[in-house]
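Asker: Sequence:
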Amino acid sequence: MQIADLMKKKRQRVKVRVPASLQDKLGAAASGTVVRLFRRGSIAWVLVKVKGSGEHEFRPQDLSLA
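With numbering that gives the first Met the number 0, letter number 31 in the sequence shown gets 30, and the count goes up by one each step, no holes.
Here are the computed lysine to aspartate or glutamate pairs in the DMTMM-like style, where the Cα-Cα straight-line distance is at most 25 Å: (1) Lys9 with Glu54; (2) Lys9 with Asp61; (3) Lys7 with Glu54; (4) Lys8 with Asp61; (5) Lys24 with Glu56; (6) Lys24 with Glu54; (7) Lys14 with Glu56; (8) Lys24 with Asp61; (9) Lys8 with Glu54; (10) Lys7 with Glu56.
For each label pair, taking beta carbons as the anchor points, the in silico distance ranges come out as: (11) Asp23 with Ala3: 25 to 35 Å; (12) Ser30 with Ile2: 12 to 22 Å; (13) Lys7 with Ser30: 13 to 23 Å; (14) Gln1 with Gly40: 16 to 26 Å; (15) Gly53 with Ala27: 17 to 27 Å; (16) Ala43 with Ser20: 11 to 21 Å; (17) Arg35 with Ser63: 17 to 27 Å; (18) Leu64 with Gly26: 12 to 22 Å; (19) Ala28 with Asp4: 13 to 23 Å; (20) Trp44 with Leu64: 11 to 21 Å; (21) Asp61 with Arg10: 14 to 24 Å.
These are calculated hints, taken from the structure and not from any lab test. Think of the CB as a built atom: it goes at the ideal place given N, C-alpha and C, for glycine as much as any other residue.
When you get a sec, could you build the whole thing from the sequences and use the hints?
Answerer: Take a look at the structure:
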């Protein structure tokens, strides 16, 4: 997913392909709401609020529209 697509709407619902490091908490896939977009250096990150699990950071390429 492109950052420009996420910037069009606030609090957009997304599906997340969960990285291996979080799969024990969230499973292989999760869905949630975009909270904010930010950058660490040249790398973009998306903060997503996942139901029942709180807020987690994901890369934009791990997201798709719900």
